[in-house]
Structure formats: structure tokens, C-alpha cells
Amino acid sequence: MVSCASAEKRPVHTRDDFIGTWTGFSEDLSYTCRLELLPDNTGLFAFKFLDKEAAIYSVESWNLQRERILTHLKQIRPYAGPFQLALEVRWFNRIDSAISGEYNNSKWTISARLPRESFMRDRIRALEKDVDRNRQPARTF
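For the sequence shown, the numbering used here begins at 23 and goes up steadily by one.
Treat the hints with care, since some could be wrong.
Straight line, CA to CA, 30 Å or less: simulated BS3-like cross-link-like pairs of lysine-lysine [said to hold, decoys possible]:
no., residue 1, residue 2
1, 151, 96
2, 129, 151
3, 129, 74
4, 74, 96
5, 96, 129
By construction, these hints were calculated from the structure, which means they are not laboratory data.
Modelling step: build the complete structure from the supplied sequences, incorporating the hints.
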């Protein structure tokens with residue numbers, strides 16, 4: 023008997039795989055999030071609701087532990103109340119983030135997918151080139 027199903031193995035991640043900038047949106051597009059991870063184990067994390075001022079935090083340290091990126095954050099421009107940041111690795115091109123906290127005795131969570139910023143820019147540029155190359159010239163009458 024032959025089986026067509028393949029057991030796809032996830033690659034082993036290294037810390038260096040995640041150095042760079044990761045940017046994304048919450049599912050409803052109301053929050054924008056940006057995570058910068060630098061080679062010296064520092065970085066920056068920011069999130070912003072629509073047109074409000076961004077909450078910005080210094081990543082004082084970060085490290086990779088299996089499928090999670092652990093961070094120690096310091097407030098630069100804080101959000102209303104403390105929060106927790108959970109970062110889960112999804113292959114080499116995406117980090118899933120969950121920001122959760124409490125405000126006025128209400129618990130809240132923001133989930134956002136953070137693809138590598140350069141990956142998204144490259145894909146958008148490639149799409150724009152394809153569209154421009156195939157754009158029909160404007161009709162003149």
C-alpha cells in the first residue's frame with residue numbers, strides 16, 4: 023500500500039532567522055503593529071489604533087525558545103495600562119503576536135500576524151510591476 027500523505031517537518035529555527043523588522047495588522051485592520059529585532063538582542067515594539075498615537079516600547083532583550091520569542095519590554099510611550107506580549111513563530115516569514123491587558127477592569131486582546139516587512143515590500147513591488155506591465159493604455163477619443 024502506498025501513502026500519498028507526507029509528514030511535512032517544520033524547519034528548526036535559529037535566533038538569527040528572526041533578526042529584522044516585522045509589521046502587520048490585527049484581523050479587523052484597526053491596529054498596526056511593528057516589531058524590530060536587532061542582532062544585539064534589543065529592538066523596538068510599537069502598536070497603534072487607527073489614527074491614535076502609537077504605543078512604543080524598547081525591547082531591552084529578546085531570545086528564541088523553541089516556537090516562541092521571549093521579550094523584555096520597557097515603556098517609551100506607553101499604552102493605557104500594562105500589557106503582555108506573546109510572540110509565536112510561524113515558519114520563517116511570519117510571527118503571530120498577541121497583545122493582552124486590562125483597562126478599566128476589562129480584559130482585552132489584540133492578535134496580529136506580523137510578516138517580515140521586507141518580504142511584504144518585495145511582494146507588493148512585484149505585484150505593482152506585473153500590474154503596470156499589463157495595464158491597458160488609457161483610451162483617447
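Going through the hints against the structure:
1. 151 to 96: 41 Å, violated
2. 129 to 151: 44 Å, violated
3. 129 to 74: 20 Å, holds
4. 74 to 96: 20 Å, holds
5. 96 to 129: 21 Å, holds
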